Structure formats: C-alpha cells, structure tokens
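Chemist: Single-letter residue listing:
Number of protein chains: 2
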Amino acid sequence: MVNVAVLGCGVVGSGVVEVIKKNSFSISQRAGMEIKVKWILDIRDLPDSPYADLLTKNSEDIFNDDTVSIIVETIGGVRAAYEFTKKALQSGRHVVTSNKELVAKHGPELLKMASDNKVNYLFEASVGGGIPIIRPLNQCLAANEIHGITGILNGTTNYILTQMKKEGKDFADALKEAQKNGYAEADPTADIEGHDACRKIAILSSIAYNEYVNCENIYTEGISKLTVTDMLYAEKMNSTIKLIGISKRVGNKVYARVSPAMIRKDHPLANVEDVFNAIVVKGDAIGEAMFYGRGAGKLPTASAVVADIIDIVKHTGMYGNNIWERKSYDNLINSGENDIGFFVRVKVRNSEEAKKFISRSLGQVEFISLNKPGLQDELAFVTAKEKEGPMLEKIKVLGTIASIKEVVSIIRIEEE
Amino acid sequence: MVNVAVLGCGVVGSGVVEVIKKNSFSISQRAGMEIKVKWILDIRDLPDSPYADLLTKNSEDIFNDDTVSIIVETIGGVRAAYEFTKKALQSGRHVVTSNKELVAKHGPELLKMASDNKVNYLFEASVGGGIPIIRPLNQCLAANEIHGITGILNGTTNYILTQMKKEGKDFADALKEAQKNGYAEADPTADIEGHDACRKIAILSSIAYNEYVNCENIYTEGISKLTVTDMLYAEKMNSTIKLIGISKRVGNKVYARVSPAMIRKDHPLANVEDVFNAIVVKGDAIGEAMFYGRGAGKLPTASAVVADIIDIVKHTGMYGNNIWERKSYDNLINSGENDIGFFVRVKVRNSEEAKKFISRSLGQVEFISLNKPGLQDELAFVTAKEKEGPMLEKIKVLGTIASIKEVVSIIRIEEE
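Chains as they are written, first to last, in the numbering used here: chain Z, 178 to 593; chain B, 178 to 593.
These aren't lab readings, by the way, just hints derived from the structure by calculation. There's no promise every hint is true.
The list treats identical chains as one, so a pair stands whether inside a single copy or across any two.
[Stated by the list, open to error] In silico PhoX-like cross-links for lysine-lysine, where the CA-CA straight-line distance does not exceed 25 angstroms: (1) Lys459 <-> Lys491; (2) Lys491 <-> Lys213; (3) Lys198 <-> Lys430; (4) Lys564 <-> Lys402; (5) Lys491 <-> Lys549; (6) Lys430 <-> Lys199; (7) Lys346 <-> Lys524; (8) Lys198 <-> Lys459; (9) Lys343 <-> Lys413; (10) Lys289 <-> Lys491.
Note that the structure is a prediction, hence the values are computed from the model and not measured.
Modelling step: build the complete structure from the supplied sequences, incorporating the hints.
Modeler: Following this line, the structure appears as structure tokens:
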C-alpha cells in the first residue's frame, strides 16, 4: 500500500481524493498496489467535506508520518507550495503537482532537488488539465527533435473568445459570462492577460528543448483589447482569433510568445472552442501531432495528477526527472527578431491620404473591407511577413500622422 | 550501451534505423544510455542499403548474440513475425513492434509470454503511426474508467474519402490516386475493407477495457460502396462520412464496430482529413481527449517504435505489460443490439407509394432531398435511432416491394 498526502483541498485537491476513491479498484490494478489518501492538509475548517476525517491543519502531521511516500501539492502559488515542495523532496518523498506557476518559476531547482534525493517531481496536470501532454512530450516523442509547439493553453480565454465570435458579445460581457459559469476567477488577470498561458508554454518549451525557458522573459499579451469587429475581420479573412502560446527552436536559442493571433480556419487549432485546450507539437520524425481535451476542471486535472501517482507507484525505485539546464546566456531570441505578418486597423481622417502613407511606409499591404455600418472611418490591412520589431515601429508611427486618428488593432497572423 | 536488432528492413524498419542514427545524441540523453542498431535481418539482398554492413539473412546471428537485448519486429504479418517474437521473448529479450495484425491476433499470448520472461512487449507504433496513443491510454489515462473510443484509424481510407469529398472523385479514381501517391498498397483490401482499422480498434479496446477484444468478432464494413452522391447528402445534412472505428463499454461487455459513418461537422473527428488519424477517448474523469497526427509513414511510425525502445532502456529492469484477460464468454455484444440511426437511399418506381411504405414500416423517418440532376428516381431518408438488427431487417425488406427498385445506400449515423 502507498500512502498519499494531499496539500490543499481546493478544486483540484478534492478532485484527486475523489478520483482515487471512485476508481480505487482499477487504479490499484494498474499501479500494482493499493493507493490510499492518508492526509489532506488545508488551513480552512471544512466541516462539510466528505473527507473531514483525513483533514489536518498541521503540516507536521504529514511530514512526521513516515508511511507517507507521495505528496500531492495542489495549493497553488509560489509561497507555501514552494516551501512544502522543497521540504517533501528533501525528506525523500515524491511530489506530484498541478501548480504551473511553481513549476515555471522554480522548475530547475525542484527537478534538481528531486533528482538529488532520488525521487520524482511530476507535473502532468500543470499544462492542459487532463490532456496528456507532459508525458507524451517526455516519453512518446522522445525519438524526435522537437522543432516547435503551438497551443491554445488557457480555457478561460478560449471560452471568452468563443463567446465573442459565436454570440457577438463584447469582451466585458463574455468575461462576465465566463465568471458566471465558473470558468473565470473573480480576479481574472492571470488568465486574460496571458500569464497562465505563458507559464504553460514555458513548461512545455523547457521539456521540448531540454533547457529551462524562463516565463519571465517571454513576450506576453492578453485578449482584453480584442473586439467583436476584429472577429468579423478574421471571419472575412477565413481565419479565427485565438490566444496562442507558441515556441520554436531558432538555432541554439528559443523563440516564445503568448498573444492573440489570427489563424486560418484550416489550422488544426482553429476548431478548438469553449474551454477546450489543444497543443500541436512538431517533431522531425513525427511531423505534427495534436493533443486535445478539457484544459481545466476538477476531474480532468485530478485525472492527470492521479496518473502521475500511478506512474510513481508502478515504477517504485525509479526516478527519471529531466534536469532543465539553465543556460548561462539569455536563451530566448528577442521577439522583435521573429518574422511575422500583422493585421492592423486604423481610424482615419482622410482615407486616401492614409492609404497612400500606409503603402509607402509599410511596403506591400493588403487592404480588407468589411460591409458593416460604422466602419467608414477606418482602414484595415494585412502587412507582409517581416521582422516584428521594425514592422511594429512602422505601425506605431501611423498613429502620429495627420491623416490617421489612431491605430485601433494590431493582431499577429500566425502561420505555424 | 544497448544493442538492438531490427527484423525486417522495409519502410518502418529502415525508418527505425534512420531515426536512431539521426537523433542519436538526444536519444542517448533521454534514454540515459547509448542505443545502437547492431543487426538488421532481411531475406532480401539490399546492396544499396546504407546499412549494408549491419544486414544478415540468418536470424541465428541475432539470437546467438547475447549482447542484443531488444528486438524490433517490423516484418509484418503473423508467420515469421510470430515465430521470431516468441523466440525473442523466450530468450529474455524485449520486443518492440509496429505489427498490428500480430498484436491483435496473438496479443494475449505474447503479453503473457513477455511477463513470464520478465521482459516488455511494446507496440505503440501499431496504432495511429506516430500518434502517441497506447502509452497515454496505459499511463496518462490510468486514473480513468474508459467508457469509449472513437477513431479514424486508417490513413489510406481517410485519404480516399477526402478525395471523394473535396475533389468529387469516385471511389475507384480516388483509390488509384492514393496508390499513385504511395498511400495505398497494390492490394488495398486490408485498408479499404476495414480490416486494418478493425485490428487497431481491437488493440485500443483491449487496453482500454483491460480484457482481450478479438478483432475476428468485430463487425467490419469497408468504404468501397460509398459514392460521391452519398457525400453530397452528408454535406446537406451538415455532416461528413468517415471510416470510423468505435468501441464502448456496455455493462460487462464491449460493443465494437468498424464502418463508414456520418458524423456531424462539429464532431471532433470531422475535420481530420487526408492521411491523418485521430482518436477520441472518453473517460470518467477526463471527459473527452483527442490524439491527432500522421497515422502512417516511415518516420512517424519509426518515431513511435524508438520511443518504446527508449522507454525500455530508461526503465532497465522494469517490465510492465498489462495482461489482456481472455474472457471465458464472448465479451462482445451482438452488433444488432446497438442503438443507431441510419441514412438510407432507395431507387423507386413509384415515389409516393414508396414514401408511404417507408413511413409505415420504419416509423418516423426524415426525408432529405438533394438538388442534383439524376436523382429524380430516388428517395433518401434518416431513420430514428433504434436497435440496429431489427432496423436493418426492415430496411432490407424495402428492396423487395413493388414501388422500390433497390436499396442503394445504408450508412450509419454516429453520434458518439
């Protein structure tokens, strides 16, 4: 029998306990041993919890219990979670987590610590909720050199964008709808500003390229400035707007970004709607593979945590953490160096003058017009694919000339 | 260092050697040990092979070489492949294969033999080519009770159906096109009649439900009778026709089938085109997850074989085959017991009479008409969802009445 302690009895933590109880027979069969939740740590009184008998507020109850060999950390954040994780690893216990922030920020240190203590630090649930992606990247695609990863990595923003596109809701209403349905938190900043997706692309990239990609250095832009009009233009261009996390190998460096992007409707990610997530991985042998499913939620995420627990139990005595090498230099290329095309909307005072200026200053552009009232005073166009930095400079200049009132939208066009 | 012998230097076998050579550095890094191909067995003279120095025609060279611990079986079929696999397992060597026919037919015996000899028998490459699906099912979704699997499991037929739909080619021309492009073999029977997909759904089901599902007992229907007109009706019904492999738990039994089916355009499999494969897995915790990628081809399939090799090397001393329990009773439910709706086309002598008879005998049906010349003498309709057996009987009777000339199409409507 293997005893597990769950730190944090929130949505994911209580889901882990539920899945282990519910499927205990088949889980034991697959793990080759019975798995039991012995402790649940939570600072709150939870008198109504069905697991009240397992609850403790004192972490020492767990750390002093030598029969506990696996710790599930579902506290979140980088404070208590960080301290408890270090303590668990140093005490020779395996740790399984869904905490993307902690993995993205302290992954190299915690993986090294796990390896030094001959235990596992596993985090399948940190990316893509229940979608198997970390283990496939680590194991199933191990024969490949990974070239790139493109993903819809955040369910909240994908739900909001789907509402905007399908129901014509504006961003604020779609956000409220997401909050009402429990898909967005009261403070939605981490989701809508792209920070959550950024941590996830950082984790995936660190695994894929076998070196630490620091989320703090990744260019990140959220979805709060997008409008329904942008969506209508996308539709006209046979495209759709998604919050995309992307990274790729460029020489011995890595390019990574999180931003809204237009993708063509035949892109594998174009039909990923609502709270679903999907991740496309490109490898030299496999070509493209895509992994799709619910990117969040209690039971899907718990399913991934429990899969990690089973893996540890099944391979007792084995540990196989990849250490994420920290490069001595900044291993991310400057985002301005990336070649990309932009979709741009400007409000104009003099359309003809503005058109002339745009063509002169940005080179070849393709103007797009939408049959919709209220857009007489605007021009929309797509630029050629060029280095992002200089092109963005030129686009910003548009806002300073006499014939143009302001630049209202700048959206990348992603072809990868 | 780990020595590997590859049996059969065809498309997949030579791909395995190529991938191991090409990515040797990162593969060694991930496996924790150098992996070397020491022997390649092939009965042919292959003087132009870049691996001529590794070739032997004598299997004893390999079985007498105690330094070879992993055998890759890429011979195909169930004769030499079966004998060599048994010999390898009994000699205490791990076996990795892409041979779906062998796994589907002799999986229980070979898995038991592997377990008895404390070695692994792994076959990630047998389903979905390079798509990671066997390992995710076994490991990543281990916390789930799997309810069902629905997949596009054969790239050849999916290419043909895509050509018929997009280019309006008839079946024979689309097949020729597939053969010209190397997507279909000279004898395409196993693909177009659904046998290949059937072996794959049998393998996936055996893993998912942890009991042997015998491919010989699975109802299997191919795509050779489908016409472009069927595709046009599907389009009108906001659907698309795919060759679907499906299985689901029904009580303590399993329902499984391979057949063409209409699926709605918002089904996750509807946009899987050309030679791509995709598999939707439904679990009680994860909900739906989908795995998508190239279902065949030299390097994708080799990528899956090599991932299995790396897994074995990384976990030296471990073996973890699931034994597929053989039920003492037939564990498949009779396909006639499954509830399903049908799309039906009949050629009529008297349209009004035929309509009356159809409504009287089949109960509630929905007639569908297509604005296309040459279809004046036909009726097309969708039946209610009922038990497949009795409904098919009633549909067949239609061909025997005076007002109807013949039944030209019977296509299942799949909602799962």
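Chemist: Compare the structure with each hint and give your call.
Modeler: Here's how the hints hold up against the structure:
| no. | hint | in the structure |
| --- | --- | --- |
| 1 | Lys459 <-> Lys491 | between (30 angstroms within a copy, 23 angstroms between copies) |
| 2 | Lys491 <-> Lys213 | within (14 angstroms within a copy, 28 angstroms between copies) |
| 3 | Lys198 <-> Lys430 | between (45 angstroms within a copy, 24 angstroms between copies) |
| 4 | Lys564 <-> Lys402 | within (23 angstroms within a copy, 52 angstroms between copies) |
| 5 | Lys491 <-> Lys549 | neither (60 angstroms within a copy, 60 angstroms between copies) |
| 6 | Lys430 <-> Lys199 | between (45 angstroms within a copy, 21 angstroms between copies) |
| 7 | Lys346 <-> Lys524 | within (22 angstroms within a copy, 48 angstroms between copies) |
| 8 | Lys198 <-> Lys459 | between (37 angstroms within a copy, 19 angstroms between copies) |
| 9 | Lys343 <-> Lys413 | both (14 angstroms within a copy, 22 angstroms between copies) |
| 10 | Lys289 <-> Lys491 | both (22 angstroms within a copy, 18 angstroms between copies) |
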